[in-house]
Amino acid sequence: MAKFKGRVWRFGDNVDTDQIIPAEYLTTGNPAELAEHAFAKVRPNFPSEVRKGDIIVGGCNFGSGSSREHAPRALMGAGISCVVAGSFARIFYRNSINIGLPLIQCVVDVEDGAVLEVDTDNGIILDADSGKEYGFSPLPAFLQELFDAGGLVNYVKRKMGV
Amino acid sequence: MSRTISEKILNGDAGEIVEREVDYVMVNDVTGVPAFEALEEIGTPPILEKIVVIEDHYVPNKDIASAMQAKRLRDYVRKYNIKHYYPVEKGGVCHQLMIEEGFAAPGRLIIGADSHTCSYGALGAFATGVGSTEAGAAMASGEIWFRVPGTQKITVEGTLPKFVMGKDIILTLIGDIGVDGSLYAAHEFYGSAIRALNLSDRITISNMAIEAGGKAGIIPPDDKVFSYLDNRVIGSYKPVYADEGAQYADTFEYDAGSLVPMVAKPFLPSNTSPASELGGTAVDQAYLGSCTNGRIEDLRVAAQILKGRRVHRDTRMIVVPATRDVYMRALDEGLIKAFIEAGAYISGQTCGACLGGYMGVLAEGERCVSSTNRNFIGRMGHKDSEVYLASPATVAASAVTGHITDPNDLD
Ligand code: SF4
Chain A
1241 MAKFKGRVWR FGDNVDTDQI IPAEYLTTGN PAELAEHAFA KVRPNFPSEV RKGDIIVGGC
1301 NFGSGSSREH APRALMGAGI SCVVAGSFAR IFYRNSINIG LPLIQCVVDV EDGAVLEVDT
1361 DNGIILDADS GKEYGFSPLP AFLQELFDAG GLVNYVKRKM GV
Chain B
43 MSRTISEKIL NGDAGEIVER EVDYVMVNDV TGVPAFEALE EIGTPPILEK IVVIEDHYVP
103 NKDIASAMQA KRLRDYVRKY NIKHYYPVEK GGVCHQLMIE EGFAAPGRLI IGADSHTCSY
163 GALGAFATGV GSTEAGAAMA SGEIWFRVPG TQKITVEGTL PKFVMGKDII LTLIGDIGVD
223 GSLYAAHEFY GSAIRALNLS DRITISNMAI EAGGKAGIIP PDDKVFSYLD NRVIGSYKPV
283 YADEGAQYAD TFEYDAGSLV PMVAKPFLPS NTSPASELGG TAVDQAYLGS CTNGRIEDLR
343 VAAQILKGRR VHRDTRMIVV PATRDVYMRA LDEGLIKAFI EAGAYISGQT CGACLGGYMG
403 VLAEGERCVS STNRNFIGRM GHKDSEVYLA SPATVAASAV TGHITDPNDL D
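Chains as they are written, first to last, in the working numbering: chain A, 1241 to 1402; chain B, 43 to 453.
Hints should not be assumed to be uniformly reliable.
[To be verified] Below, simulated EDC-like cross-link-like pairs (lysine to aspartate or glutamate); rule was C-alpha separation at most 20 Å, straight line: (1) Lys-1397(A) <-> Glu-406(B); (2) Lys-1281(A) <-> Glu-406(B); (3) Lys-113(B) <-> Glu-1273(A); (4) Lys-1399(A) <-> Glu-61(B); (5) Lys-1397(A) <-> Glu-79(B); (6) Lys-1399(A) <-> Glu-83(B); (7) Lys-1399(A) <-> Glu-63(B); (8) Lys-1397(A) <-> Glu-61(B); (9) Lys-1397(A) <-> Glu-63(B); (10) Lys-425(B) <-> Asp-1253(A); (11) Lys-1399(A) <-> Glu-82(B).
[Stated by the list, open to error] Computed spacing ranges between beta-carbons, pair by pair: (12) Asp-117(B) <-> Gly-1326(A): 40 to 48 Å; (13) Gly-1390(A) <-> Met-43(B): 47 to 55 Å; (14) Gly-322(B) <-> Asn-1285(A): 48 to 56 Å.
[Stated by the list, open to error] Covered stretches of chain A (chain B as the covering partner; in silico rule of three or more C-beta atoms under 8 Å from a C-beta of chain B): (15) 1260-1266; (16) 1292-1306; (17) 1323-1335; (18) 1381-1392.
Derived from the structure by calculation, the hints contain no laboratory data.
Predicted model only: the values in this text are computed from it and were never measured.
Backbone N, C-alpha and C fix where the C-beta goes; we use that ideal spot for every residue, glycine too.
Just chain A, with the same shape it has in the complex:
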């Protein structure tokens, strides 16, 4: 239920969680601290140049590999507003929905630095430069409910009546 406008960081296929946050930095779960090392090995300029609201665009199988929730936490800590990819690895997908990082499954043909406008209500991504539009399907109803509840912790609290 949101609109995002942001600058694109473009990645390819099979971006694994070791790339997003290498294992040597897994000694904290704090999003801001993790963000200082996001993509440290493959895009060393990312932590210093990322700006609040930026959008990550990947190819297929984004977030593959380990179950480390530190990966979506690092991206949230870096201020990433949403991740757009052709497909997502399943644990990364779960983790992101559970902690409130919006994921959009859509194949988008843009380069680094492009500006995208993402409208999750209507399922539309607009490439602000070219004017090209891409459609995407909404989350399944259950996951939307969970996301709208503010993530899994709030959903479980509500469900357990605490």
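Got chain A sorted already, so can you dock chain B with the ligand onto it with the hints?
This is chain B with the ligand only, laid out in the frame that chain A set:
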């Protein structure tokens, strides 16, 4: 209505989202603290009998940051009086320990905040990796949501050639279908070659389902599993088998006799070649360990190859028994002595260098042949280091020659 094993354990049809009660929820020293934080945020008492806490990734503490993290985990363990708690000296690599300690069993539904939780599929459980927040939520509520996966049926018939192990079967499959070939799907394995495998090789196969993007890698349980669980399993269990006429999303068939020792080159587990074709690839390190291949059966195969031979002078070999039990058995069987005599280094039970933690981290430009499961960029160290995934037999043969070697080619 005919169902697959996953559909039966999750009690739903492929594609459906369900909320189900889990039998166990496991966390380790990397994922545990954020899980307990989620539990505290929810604010209800944890369901103690379902929770298993295992230290393995960065313990014994590798630096101050990991020491602080492990201490926080232990503080939570004490605060809640967690009864299934395994400090590293009593345990080892979490997945092997979950199996040894009798938590994993046929028909059970188990989650773990570690992606290789899918290993327990080798015993006929539906087991899958989750994140920390949901592990914490499951500690509080006992349940979690699942999207019921479609199932891919893989059949391997015939007799495996000498030195072809479970690792070679799963690397061959991942090479064929790709690292997202099983995205959101479960595997079910059948065939005479699978039935003939020991439990250890089956665990290797289930362990790497995630490397194809899979959610679970399930092998229908048989007498080998039941007898392993005798005097070991906690509580009772009920094996689950697929119904006649269950619907499979895909089917794959292999002739075991045509399989060869395989290696996955950097930087994807799907980037496979027969070991025999990589003879020119020199290795600085040969690593034997991990939840994939750090069991006693793996150590036996490697020690057999090393017997009467020596590790090559330009290669260092590191052996890390997965658990305390594996270590003690290796001591009793004389394997540790054999490794040391051959020139290998032995470490206590830990995840070690599998994830680039410590105990064998790679320098810039170094290359490692490894019995682990991931060869991503920088997985075991410097971003310009390389990991070649292989079976324990291929790791041992390569340690002897100093370059990647099909164990059948050793003289
Ligand atoms: S041995 Fe490696 S793959 Fe297995 S749990 Fe430890 S770090 Fe993960």
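Hints versus structure:
Between Lys-1397(A) and Glu-406(B) the alpha-carbon distance is near 47 Å, which puts this suggested pair outside the 20 Å criterion. Taking the CA atoms of Lys-1281(A) and Glu-406(B), the gap is about 12 Å. The hint holds against a cut of 20 Å. The straight-line distance between the Cα atoms of Lys-113(B) and Glu-1273(A) is roughly 19 Å, inside the 20 Å bound, and the hint therefore holds. Among the hinted pairs, Lys-1399(A) with Glu-61(B) is consistent with the structure: their alpha-carbon atoms are about 12 Å apart, no more than 20 Å.
At most 20 Å may separate the alpha-carbon atoms for a hinted pair to count; Lys-1397(A) and Glu-79(B) meet this at roughly 14 Å. For a cut-off of 20 Å, the pair hint linking Lys-1399(A) to Glu-83(B) stands: about 14 Å separates their Cα positions. At most 20 Å may separate the alpha-carbon atoms for a hinted pair to count; Lys-1399(A) and Glu-63(B) meet this at roughly 14 Å. Using a Cα cut-off of 20 Å, the hinted pair Lys-1397(A) and Glu-61(B) holds, with the two alpha carbons roughly 15 Å apart.
Annotation: proposed proximity of Lys-1397(A) to Glu-63(B) holds, straight-line Cα distance about 16 Å (limit 20 Å). At most 20 Å may separate the alpha-carbon atoms for a hinted pair to count; Lys-425(B) and Asp-1253(A) meet this at roughly 18 Å. At roughly 16 Å between alpha-carbon atoms, Lys-1399(A) and Glu-82(B) fall within 20 Å of each other, so this suggested pair holds. Here the CB-CB span from Asp-117(B) to Gly-1326(A) is close to 42 Å, well matched to the stated 40 to 48 Å.
For Gly-1390(A) and Met-43(B), the hinted distance range of 47 to 55 Å is not satisfied, since their beta carbons lie about 36 Å from each other. As the Cβ distance of Gly-322(B) to Asn-1285(A) is approximately 35 Å, the hint placing it in 48 to 56 Å is violated. With a threshold of 8 Å between beta carbons, the proposed coverage of the region 1260-1266 of chain A by chain B holds, since 4 of its residues qualify and at least three are required. Residues of the region 1292-1306 of chain A lying with their CB closer than 8 Å to a CB of chain B number 5, which satisfies the three-residue condition for coverage.
Coverage of the region 1323-1335 of chain A by chain B holds in this model, with 6 residues showing a Cβ closer than 8 Å to a Cβ of that chain against a need of three. Coverage of the region 1381-1392 of chain A by chain B holds [criterion: at least 3 residues with CB-CB distance below 8 Å; count 5].
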